[in-house]
Amino acid sequence: MPLISKKDVAHLAQLARLKLSDAEADKLSGDLEEIVAYFKELESIDTSGVVPVAGGTDLTNVFREDEAGTSDDGGKGADQFPDKSGGLLKVPNIF
Amino acid sequence: MITLHGLTLQNFASGLREGKFSAREIIKEFFDYIKERDGVIGAYLSLDEDGALKAAEAADKAIAAGGNISPLLGAPIAIKDNMLIEGLSATAGSKILKDYRAAYDATVIKKLKKAGAVFLGKTNMDEFAMGSSTENSAFQLTKNPHDTKRVPGGSSGGSAAAVAGHMAIAGLGSDTGGSIREPASFCGVVGLKPTYGAVSRHGLIAMASSLDQIGPLTKTVRDAALLFREISGRDSMDATSADTAYGTELLEPELQKIKGLRVGLPKEFFGSGLSDEVSKTMDEAIASLKSLGVAFKEVSLPHAKYALSCYYIIMPAEVSSNLARFDGIRYAAGGRNGKQSDNLLERYLETRGEGFGPEVRRRVLLGTFVLSSGYYDAYYVKAQKVRRLMGQDFDKAFGDVDVIMGPVCPTSAFKIGERTDDPLAMYLSDILTIPANLAGLPAVSIPGRGAKGLPVGFQLIGRHFREADILGLGEYYERLASA
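Chains as they are written, first to last, in the numbering used here: chain A, 509 to 603; chain B, 280 to 762.
Take these hints with a grain of salt, some might be off.
Said to hold, decoys possible - Computed list of lysine-lysine pairs in DSS-like fashion (alpha-carbon distance at most 27 Å, straight line): (1) A/K584 x B/K390; (2) B/K576 x B/K559; (3) A/K592 x A/K527; (4) B/K584 x A/K548; (5) B/K374 x A/K584; (6) B/K307 x B/K340; (7) B/K546 x A/K548; (8) A/K584 x B/K389; (9) B/K392 x B/K299; (10) A/K584 x B/K584; (11) A/K527 x A/K514; (12) A/K598 x B/K559; (13) A/K592 x B/K546.
Keep in mind that the hints were calculated from the coordinates and are not lab data.
Assemble the whole structure, with the sequences as input and the hints as a guide.
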């Protein structure tokens, strides 16, 4: 029984919002199987009582002051929206 | 007139000040040479000749006006295409950003603009920096300037090839698991991955946020120090950036201090699997540094051998999260006015299925897998714990030594196409560079002299925020050659 079947790949692809062809789902199931098998080596390491590293730094709570402000870029970010209306991002119907 | 091939940031700056040439002349010459040569190499994805010439003219005016002049004034630099320069494209090597134009400057760009640097263009890279050969670019291959049948390394292969191919004096790359150091080694240039937090990532298209760092690719160690000092520093736009000040020792290392550094050789970095040329490079570099009076000692990093597993769990997990924003709503493969489905789920599936290349899809899926319930503890949390142990290995080693030295990559540049069908073989290229990323340590690839033929670099890893140690050692190694 493979750890990551083609059916699992299809499910993961749906979760990750990726459309995959049948052939690619096949190939990826083999690839992931091989890669995840490599991870097995981690099982042999005793990690009891070890605190996981979350993030790349031990700095905590580095926040800017929470001040209201206005964007000074004249809405340039919105220029790149694929579809917009009156400077606002246009999205398809959700419901 | 000196040729482009002989230019470093340092001698460009002195030549400019002494009036040997104008910035405009040199920039023009670079574009002429790029047009002649880059058809073969493929280092650049886009050029900004108009913007660069304007910046060069401004630099020439500043020189004429005199006063306090930055060492980077007028300097022609190549920028990896995952960093934003306002008004220019920033594809990150992906079809999904083919038509995207940056709305603002990345912090590193802002700093370099302030210093008067000139950006020649944006360089090729593996899509979203995922790869070790630049073959995963959605747009083109980049060839190694030393042998055009071979890869330049990756993912910052375009910047490394531009510098090695004399199509820029220096470049910026980004390094998540070796993406500055491996191409530096393959192309025979200096590549520095700074300490995690030393350089702001604001305006860098994120790959794996707990690992990514921006750094320089240059022809000399001194140039790397110059460029690094200019881009480093705390930035309120990047919460992981640290408040550090790098003093003069970065640019003017003292031989007495450098000689006194103790260098550790981790036995895990010298196992089987190193090619003959890599072994020779290490032998020569160690002998050279010994001749300076540097003391060597064997150290152990017992968890280093798990680095690859650890990395290929943590990195894809962060990738799957960071790349969720490329959804067809804010960014679309078809660009503006592209045809898109009116159904939201269909739009997501289509945009991401078509816009992302095979390696990106593979890593997004892998990341989704290790984060999914039932596997989260077994893979993701386990890897985070092993990452802690790896950091502790380094802490322990740095109790005995000041710098750790090893190879950058087990081989020199491999042939184009050689590893594209086997993702695991490609991933193994990063096995010696990943530990520094997982531990957030600064690491540099310095071109060695021990191998004949293709370039091979060696790696120096320092304590957190001790770039001065590794660059200082590198600089004295470099000076031995020219002596």
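Are the Cα positions of B/K392 and B/K299 separated by 27 Å at most?
-> Since the Cα atoms of B/K392 and B/K299 sit roughly 23 Å apart, the hinted pair holds (cutoff 27 Å).
Taken at face value, is the distance from the CA of B/K390 to the CA of A/K584 at most 27 Å?
-> It holds: about 21 Å lies between the C-alpha atoms, which stays within 27 Å.
Pair hint A/K592 and B/K546, alpha-carbon separation not exceeding 27 Å = violated (58 Å)
Assess, step by step, whether the Cα of B/K576 is no farther than 27 Å from the Cα of B/K559, and give holds or violated.
-> Within the cut-off at roughly 19 Å; holds.
Given the hint that B/K546 pairs with A/K548, does the C-alpha gap stay at or below 27 Å?
-> OK: B/K546 and A/K548 at ~23 Å, within 27 Å.
Satisfaction of hint between A/K514 and A/K527, Cα-Cα up to 27 Å = holds (14 Å)
Is the Cα-Cα distance between B/K584 and A/K548 27 Å or less?
-> holds (13 Å)
Are A/K592 and A/K527 close enough, with their CA atoms no more than 27 Å apart?
-> At roughly 25 Å apart (the allowed maximum being 27 Å), A/K527 and A/K592 satisfy the hint.
With a cut-off of 27 Å on the C-alpha distance, tell me whether A/K584 and B/K389 pass.
-> holds (17 Å)
CA of A/K598 to CA of B/K559, is that 27 Å or under?
-> violated (60 Å)
Given the hint that A/K584 pairs with B/K584, does the C-alpha gap stay at or below 27 Å?
-> violated (46 Å)
For the pair supplied as a hint, B/K374 and A/K584, is the alpha-carbon distance within the 27 Å limit?
-> Distance of about 22 Å is within 27 Å: holds.
In summary, the numbered hints that this structure violates are 10, 12, 13.
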